[in-house]
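Each protein sequence line maps, in turn, to chains C and L. Using the UniProt record's numbering, read the first sequence as starting at 1 and increasing by one per residue. Using the UniProt record's numbering, read the second sequence as starting at 1 and increasing by one per residue.
Hints were generated in silico from the structure; no laboratory data involved. One or more of the hints may lead you astray.
[Claimed, not checked] Reference excerpt, derived from the structure (chain C facing chain L, CB under 10 angstroms, subset only):
{"no.": "1", "residue": "Pro494"}
{"no.": "2", "residue": "Thr504"}
{"no.": "3", "residue": "Pro508"}
{"no.": "4", "residue": "Glu567"}
{"no.": "5", "residue": "Pro595"}
{"no.": "6", "residue": "Arg596"}
{"no.": "7", "residue": "Phe597"}
{"no.": "8", "residue": "His619"}
{"no.": "9", "residue": "Pro623"}
{"no.": "10", "residue": "Val787"}
{"no.": "11", "residue": "Asn788"}
{"no.": "12", "residue": "Asn789"}
{"no.": "13", "residue": "Pro792"}
[What the hints assert, rightly or not] Some chain L residues well away from chain C (every beta-carbon gap over 10 angstroms; in silico):
{"no.": "14", "residue": "Met57"}
{"no.": "15", "residue": "Glu79"}
{"no.": "16", "residue": "Pro86"}
{"no.": "17", "residue": "Leu94"}
On a predicted model such as this, the values are computed, not experimentally measured, just so you know. By construction, the Cβ of each residue, glycine as well, lies at the ideal position given by its N, Cα and C atoms.
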Amino acid sequence: MIRRFHVVAIPIRIVVNNFGDHNPDGMMYVLKENESKVKELVRKNPFTQVELVQPLTIRANEGDTVEILFENQLPFATGMHFQDLDYNVLTSDGTNAGFNPSSLAECGETILYRVNATHEGICFFTDLGNVSSTEDGSSIQGLFGTLLVEKRGSWWTDPVTGGPLNSGVFADIHNPFLPSFREYAWFFSDEMEVDDLTGNRPLNPLTNQEAESFHGVNYRYEPLHNRIKLIEEGVVAPESDGEEVHHDSWVFGDPATPIMCGYRDDPAIIRLIHAGVKETHVFHYHVHQWLRDSTNMNSEIVDAQAISPQSHYTVQPLYGLGSLHGAIGDVVVHCHLYPHFEVGMWGMNRIFDTLQDGSQCYPNGKPIAPLQPLPDRPCPPEPTKARPGFPNFIPGKVGCKAPRPPLGIVGGREMTELEKNAAVPNARPGAVFADSCLGNPVVLEFNVSVIELPLVYNKQGWNDPKGRIYVLDEHLDDVLSGKKEPEPLVLYAPAGSCIRMNFTNRMPHLLDGDAFQLVTRTYEVGFHVHFVKFDVLVSDGANVGWNYDSSVLPGETIRYEWFADTELKAFFFHDHLFPVSHQQHGIFGSCVIQPRFSEFYDSKTGEEVDHGTEITVVHPIIPDYRDFALFVQDFALLFDKDGCPIQPPPFPGSQDDPGIFAVNYKNEPLQFRLGKNCDPAYSFSSYVNGDPITPILRAYKGDPIRIRLLQGAHEESHSFNVHGLKWKAERPSNDSQLRSQQHIGISESFTLEMDIPRAGDYLWAFGDEEDVWNGTWGLIRAFDQEVNNLIPLPDRPLPPPRTKPLPKATGKPPAPADPQCSLPPEVAHNPPIRRYRVVAFQTPIVYNSFGDHDPFGIIFALEEDVEDILCGKKNPEPLVLRGNSGDLVEVTLTSRLKFDLFPFPDGIHPYPPVKEQAVYPPSLRISLHVNMLDYDVTTSSGDTVGFNPDQTVGPGETITYRWHVQENIGTCAMWDMADLRNHRSFGTFGAFIAEPRFTTYLDPRTLKPVKTGANVILRHPFNGDFREFVLIMHDGVRLVDKQDQLIIDPLAGVIPEADPDDEVDTYDFGSRGFNYRTERLINRYRKHPVLSDLFSSKVFGDPATPVFEAYPSDPVVVRLTNPSERRRSHTFHLHGHNWKFDPRDIDSRIDSYVGHLVPGVTEDLLLIGGAGGIFNIPGDYMYRSGNIRWDIEQGMWGIFRVHDKVMPHLPILER
Amino acid sequence: MIHKFSNSDSYNTIHDQALEDYFRAGIGYKALILTPSYPFLFIGEILSLIEDHIELMVQTTHFAQLENRTWLIHVHNIEVFYIEFPGEPCIPELNDIA
């Protein structure tokens, strides 16, 4: 079937909320049939919202061909680039890239795109004619939309009228064979231009400074800084402070942001799209859970999902709206990054229990829009006077804060008559309007308080004088008297439990002011939980929409009830009333739902417990294990021992990345671990510096462990890496990929399950440079002999009695490791041995033809290539090594580092910066760490950590690591661990590719065997030939231009020019690219200032970044990694191609992008249909970052060229 | 080919028959059964055999809501099982924390 749309790109004024905030320079795609109507409405309503001004959402079915006549009314060339669809790249890519003809439309012109909807899901589209990251750019100003592809045979209707629908973010989808469902398109976007009613940038009335930039949903945002003005003026709720009523419809009425309406139990899908340009957000949807991979029943269940720019996910809540227990009420949906949440990136899912036919009103008199019942579901009951349905049974008062829930507060009120009519038959504290527990389960009861106390974060006395934490009531005295060290509260419960929480607020009314924050009256606090089932009206621990305010005042106790329906994982809990103000002080914790019948013991004493960050879990059937919880924190607002603030913001109350980083209220900054010899190579060594104060997770060798990975605060992405261990990415699936790295954003939860094969110290680290530098690392320590403060697992052999004394700090570097004395744990007898001789040395690296270069490059190269590199015959590339499944790989590393070739011999490394600069002189030692492979961590991990021997080498020294390729796991990242500050961003990284057994690696031009290279042919007797392209994405690079002037990126690369007021976080500094190359667009723009030509090889020749070549249908695998080094998450997108999210799992979803790219990440992209996509169409396909701000300008893009005829330099594959 | 198929049939018949016989001998005793489908784990007393279905009075599964009732489990759906005959090791006691 052919579906046809006429789409117009228009300039449009976008009013983003009811306060008149607007973008005067907005842009959007709109159907031609709505163009004049929307323009007229906007002209007539300059300061009020126009519903038609929304991201264009059109629909088609699987198997359809979609023809889009695109008309450009913007003053520059634009187009529509479609992700996930199949199309002819020469005519319908929506770009002007490589040697393709332009498929952009100039101003006033039209172009016809023809695309094929091959598979169900989200096909995001945006413009690539103007990729400026400034407000002159198109994406940032709103030029994006989506084509939603439904199951074959579907049709869709307007949820309000029931009539047909040509476009719109909300629709009801129907199919003759499948249940009807509600579909909601939810577009996050960020950094859009916004002015207030006066035409000026909005101000924050609390700080009188410019408010945080736009972070919104579907072109709308509902920031606290607007709503709080009504409180300050005494218009509403004058007794309130602000943050606690931010989402309260009783006070303010409904927000401008989307409210996704449905009836209880309606099947629903949220099409979650990140159309923004910069930040990786975390989408969180209260009460509901969904499969991380919607097509794979064995994927992880999540209720918070990080999403990077130009990525998208299908969120299909399990059990429909209201979840298993059929909750009703307002369910907040938001970005969990608190500064984004505060500035308005939230909306709601409103679940009604009575029919809405347009005759009802909200409590403030606003009509409730009609909502068609889904045709295949029972019609909800009509509202009556006695049973008016949500929200009209709630005894609230418009203009005042929401009422407190009935029954919940100890000593509080009973139900009103209307509430009694709406309540479940066995209404009880915490479960009044939904019976959260199925049947009559076992009940566990916890008594928890929240308190304020000083927290000391490290041995140097860095402290938070206003630490705020959850604590079990029975520990109050011990924690307050200092007998018990504070740690994030972690509770344990077996699956199937009903959990009753008696929660007491013991905090002061005020959060005092200081260099970080203004005085805030944080007088109430809640206990909001993830994952478990609860009555959202009374147990949300929040104050949302027309719900109750389920928080508690100082001195009061509130009762909540939750049900853990099955073994979940670690569920996150935190305050939802003042989290922006005080969660970063420590108000977070977790409850882990363990397998049913588990018992929990203190790992030190063996006493039965129900709490603690390190415990031992014993189970009658499954293997016993150690359970560890790690919470990473940013925005930790600490003072040094002299009371000076550490990394204060520019002014108190600013959300501009204040503070520092930590894990479980502790950090171990590297600046304090130089030791007497001032060599960074021993920063992680416990011999030199003693053990870190951060968690050391203890086990005996062979023990199974589960790490519960969480983020407690507050805004940023982090990259968790474990050196020497690996786990299944999708824990429930036996087909899952292995991983030793995990991206995490606040409120996400991951269970990393693995065994520890051998005794030794394993480094865990949040592995970007700034995080590690500031101390977010620690150890997993596996003992080979008994220690007296660690109980053995009951189902494992007893550890042998101790015969060797435990190692102690000596202040001296450890002895060198001898990798030849041991074999990797999983290696077979007599494995084939593959040897590489690698040299680390300094050499300039030229990053592009415009002369941008790194004069202080440090690289790894094969010994035989060193000469050619040093004499300039070869421009260096990152080292790529390979091995086959079963191989024992012996890598001999030699250091040839020279002190006088370092740029900052004095130890002060000013750019790219990190927080808390300090002296850290360059190390002449170096090492090579690889993730995911199998090796003895005490000799071959490349880490000199804990009490392991030294695995680094000094100048002229040599070490031979032994790595075992346990299976063909594909991409592994490699980097140096001797000096993360002075080495890594200069080039000390690469990749190791674990290939199938019997594979040989050939040069794609000569077909001769090669030992290294980013572009090879893999030849295999059964699999045939594959082209393998290795892309190493990296950032934080220090470049100088051809005049040797330092390039301060990202702002130096902004097109047309940077706004001097642009904020750049520390982790955005530095240049970026692929494989030691970058095609910074500013260089091209200076030569030929036409935005739409910037990717054109016809104008500029090919980019400096790799141009990978193939013939149509060639099997291709892209190996993608990011071994270095900043915390900013990137997205990778390859035009015109798709792959399986998990290449080992046939059930996994199909993607055309990869998000969450942070240090340590590894991905394998097996292109479906091979080169040219499923239609094998020749042409130039861009690969690139999805971050408009600032990656693409920074040169993070290149070309994959599919030739239409045989080229003399490129032999065809053996097929 | 026909010969092979008939052989294969007879092996399957013998296999199923042996299973049924074994479970029939276990009537009145406690059994632990793992299945690949929901709810995966069953512990309880074998009540009877109904053709090739085992009738089990299930005391324990993963989910308390499905316990204390009779389940019929087809022998083909059993991946792992153990019957606690007199004198044999006991099936672990599975108790909720109360």
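Here is how each hint holds up against the structure:
Residue-level restraint check for C:Pro494 holds (minimum Cβ-Cβ distance to chain L is 6 angstroms; threshold 10 angstroms). Given the 10 angstroms rule on beta carbons, the hint for C:Thr504 is violated: about 23 angstroms separates it from the nearest Cβ of chain L. Hint status for C:Pro508 relative to chain L: violated, with the closest Cβ pair at about 35 angstroms, above 10 angstroms. Checking C:Glu567 against chain L by beta carbon gives a least distance of about 8 angstroms; that is within 10 angstroms, so the hint holds.
For the restraint placing C:Pro595 at the interface with chain L, the shortest Cβ-Cβ distance is roughly 8 angstroms, inside the 10 angstroms limit, so the hint holds. Taken as an interface hint, C:Arg596 checks out: its beta carbon lies about 6 angstroms from the nearest beta carbon of chain L, inside 10 angstroms. A hinted interface residue such as C:Phe597 counts as satisfied when its beta carbon comes closer than 10 angstroms to some beta carbon of chain L; here the least separation is about 4 angstroms, so the hint holds. Contact between C:His619 and chain L, as hinted, is supported at the beta carbon level, the nearest pair being about 9 angstroms apart and thus within 10 angstroms.
Hint status for C:Pro623: violated, given a least beta-carbon distance of 13 angstroms to chain L, over 10 angstroms. Proximity of C:Val787 to chain L is violated relative to the hint, the smallest CB-CB distance being about 28 angstroms (cut-off 10 angstroms). Hint status for C:Asn788: violated, given a least beta-carbon distance of 28 angstroms to chain L, over 10 angstroms. Because the closest C-beta pair between C:Asn789 and chain L is about 25 angstroms apart, greater than 10 angstroms, the hint is violated.
Violation of the interface hint for C:Pro792 is found here, the shortest Cβ-Cβ separation to chain L being roughly 19 angstroms, above the 10 angstroms cut-off. The claim that L:Met57 lies off the interface holds: its Cβ sits roughly 18 angstroms from the closest Cβ of chain C, which is beyond the 10 angstroms cut-off. At the 10 angstroms boundary, the C-beta of L:Glu79 stays outside the reach of chain C, the nearest C-beta of that chain being 14 angstroms off. Under the 10 angstroms C-beta cut-off, the non-interface status given to L:Pro86 relative to chain C holds; the minimum distance is some 21 angstroms.
The non-interface label for L:Leu94 is inconsistent with chain C: the shortest C-beta to C-beta separation is roughly 4 angstroms, within 10 angstroms.
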